[in-house]
Structure formats: C-alpha cells, structure tokens
Amino acid sequence: MKLIVAIVQDKDSAKLLSDLVDHNFRATKLATTGGFLKSGNTTFMIGTEEIRVNKALEIIKRNCQAREQYVAPVSPIGGNADSYIPYPVEVEVGGATVFVLPVDQFYHF
Amino acid sequence: MKLIVAIVQDKDSAKLLSDLVDHNFRATKLATTGGFLKSGNTTFMIGTEEIRVNKALEIIKRNCQAREQYVAPVSPIGGNADSYIPYPVEVEVGGATVFVLPVDQFYHF
Amino acid sequence: MKLIVAIVQDKDSAKLLSDLVDHNFRATKLATTGGFLKSGNTTFMIGTEEIRVNKALEIIKRNCQAREQYVAPVSPIGGNADSYIPYPVEVEVGGATVFVLPVDQFYHF
Ligand code: NI
Ligand code: NI
Ligand code: NI
Numbered sequence: 001m002k003l004i005v006a007i008v009q010d011k012d013s014a015k016l017l018s019d020l021v022d023h024n025f026r027a028t029k030l031a032t033t034g035g036f037l038k039s040g041n042t043t044f045m046i047g048t049e050e051i052r053v054n055k056a057l058e059i060i061k062r063n064c065q066a067r068e069q070y071v072a073p074v075s076p077i078g079g080n081a082d083s084y085i086p087y088p089v090e091v092e093v094g095g096a097t098v099f100v101l102p103v104d105q106f107y108h109f
Numbered sequence: 001m002k003l004i005v006a007i008v009q010d011k012d013s014a015k016l017l018s019d020l021v022d023h024n025f026r027a028t029k030l031a032t033t034g035g036f037l038k039s040g041n042t043t044f045m046i047g048t049e050e051i052r053v054n055k056a057l058e059i060i061k062r063n064c065q066a067r068e069q070y071v072a073p074v075s076p077i078g079g080n081a082d083s084y085i086p087y088p089v090e091v092e093v094g095g096a097t098v099f100v101l102p103v104d105q106f107y108h109f
Numbered sequence: 001m002k003l004i005v006a007i008v009q010d011k012d013s014a015k016l017l018s019d020l021v022d023h024n025f026r027a028t029k030l031a032t033t034g035g036f037l038k039s040g041n042t043t044f045m046i047g048t049e050e051i052r053v054n055k056a057l058e059i060i061k062r063n064c065q066a067r068e069q070y071v072a073p074v075s076p077i078g079g080n081a082d083s084y085i086p087y088p089v090e091v092e093v094g095g096a097t098v099f100v101l102p103v104d105q106f107y108h109f
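Residue numbers (this note's numbering), protein chains in the order written: chain B, 1 to 109; chain R, 1 to 109; chain F, 1 to 109.
Honestly, the hints are just simulated from the structure, not real lab data. Watch out, some of these pointers could steer you wrong.
Same chains, same label: a pair holds when it works inside one copy or across any pair of copies.
[What the hints assert, rightly or not] Taking lysine to aspartate or glutamate pairs in the DMTMM-like style, the calculated list, with each CA pair at most 25 Å apart, reads:
#1 K55 x D104
#2 K11 x E90
#3 K61 x D12
#4 K11 x E58
#5 K11 x E92
This is chain B alone, in the form it adopts within the complex:
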C-alpha cells in the first residue's frame, strides 16, 4: 500500500477526480489554503496498492501537467490603456507536485 499526496491546481481538480473515479481509485480532497506558494491549489490523498501507483501517476500527469495556454486580453476599461496588450498572451497553467509515501499498515473499518 502507498499513500499518494498530490498538490494540483483547483482548475484541474474536478477532471482529475473524475478520471481517478473512472479508474477505481479512492481519493480524498483536502482544503488547501496555499499550494506550494501558488494560490488556488487542492491536495489529493490517494491510497492505492503498490501495483497501481504508476497508473495513478499517469492519471495525475495527464490531467494536471503544466502547459501553456493562450489567454484572451482583458479590455482596459478602468485600467491603464498604455499597458493594454491587444492580442492573446501565453500563460503557464496546471502543474502537480506529487509525493508517494510508504504505508506501514492499512485498514478499512
């Protein structure tokens, strides 16, 4: 048995949970008030047999991996028109920090 602790962005957490459930993983979400210093993160605890750790990691990676995303420019209403960028900008979203912890004993009562 292993306990996987994964810190992911809030925006990725719903699809991660859904994908985990589809593959019969059991996960607990912890309310996280600051995820490795970036706001808006969620911590998942996933208990799994050793043989399925790689599958869980694959699911976390495909749902949460850091990637570039184009963001539409925000209209400068009420802002400074001089700093207005009139084209989409690339930002990095997603990313996951994952710890696989050894487990001495596991019980389900």
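Dock chains R and F with the ligands against chain B, hints included.
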C-alpha cells in the same frame, strides 16, 4: 513514532476526538472536502509512539466502524407519494479508512 | 526527498511561510480545524531534499517555538471586577509539532 491518517465520517468525528483525548492521544483534524468520494468526511492526523498504535486503531474502530442503521421514513410532503416508504429503512453509516505512516523524525518545539 | 508535516499556531503561520519562502522552500498550508487539540492551528506540508531538512526544522523552530508572552490585562467592563488582574499576565504561545516523513517517489509534472 507513527503518523496515523484516518478518514472518517463527519458524524463520527466528535465522539472519535473525545475518545482519543480521553486516552491521551493528540489529534489534528483537517478540513476534507471529499472523503474517499463520499461527502461529509473528516481527516484526522494522530501522532503516536509505536507501542500505542493498536490502542489508537481500536479507538478509531469502535467509534467509526461501518454499521447498519434504521432511518425513519421521511414524510412525502411536497414529494412523490408513490415513492413513499412507510417503514424505517436500513442504511450503512460510518466506516473509516486508516493509513499508518512511518516517521523518520519527530519534534515538539 | 522528505515530506515535513508541521502543525503550528495560526499566529505564527504568516512569518513561518515568509521565512520558508526566503530560503527557497516550497510549502502547502492545509486548513486545520483543530491542531493537536488546541484551536487555531495550521498544518504545513513542506517537501524538501534530505540535505535541507535541518534548515527547514531550524526555520520552523525559530518562528514557532513555544515561548512566554506578557498579555495586557483586559478591562473588566461588563465583567466581574473582583476577578480583575490589574497587571500583565504571562501566557505560553506558539509551539510546533513536526513529523519528517520518508518519501518513496517524488514528481513534479
Ligand atoms: Ni483508462
Ligand atoms: Ni479506555
Ligand atoms: Ni537565513
């Protein structure tokens, strides 16, 4: 030293905490927003010497073990009278998922 | 790699986080609803290479160590004047409970 991580139902958490305190365990409750996919769960972290792990597990089990419970029928006011069940129904409540984690170092500052 | 789990008082958590960041540690704060039975605690998870564990412990200790503090007396308005203590009283504040957990695998996606 071991760190016990126990995910239990909200409805069992107050009596579990009280029983742990009565037996001199120190516990931290984490706000959990989804407990192994069932809503309304709470995660306890309990740090304890190895020799007392079994006592902690016994306390978790006796307060949280899954059991059948009869639930009084809800009156069908405003609902569909056709689906009204006029006798108590049995539902499963409780249950706990427990991980005992090894600890390399422990400090109290 | 190690995962440090530190339960500290809320009042120490901002300066702890700031000191950790200044020294390039990455930390996640978990919303804790009861910290080893005292209210108002925060749980930090800090992932770090083994070689930097002592530095992280030093930072936790210097920001959170239990210490005496003088608290100004509260004016007995609306209270019982007989129990009014007209001089500062010493109370213990701070303190940290810290677990260093072994990590089998670590990933950043
Ligand atoms: Ni699949
Ligand atoms: Ni007893
Ligand atoms: Ni320094």
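Outcome of the hint check:
For the identical chains of this complex, K55 and D104 are neighbours both inside a copy (21 Å) and across copies (16 Å), given an alpha-carbon limit of 25 Å. Taking CA atoms no more than 25 Å apart as the test, K11 paired with E90 passes inside one copy only; the shortest distance there is 17 Å, against 38 Å between copies. In this assembly of identical chains, K61 and D12 lie within 25 Å of each other by CA distance solely inside one copy; the values are 11 Å within and 34 Å between copies. Only within a single protomer do K11 and E58 lie at most 25 Å apart by alpha-carbon distance; the minimum there is 18 Å, versus 35 Å between protomers.
Only within a single protomer do K11 and E92 lie at most 25 Å apart by alpha-carbon distance; the minimum there is 13 Å, versus 33 Å between protomers.
Hint compliance for this structure: no hint is broken.
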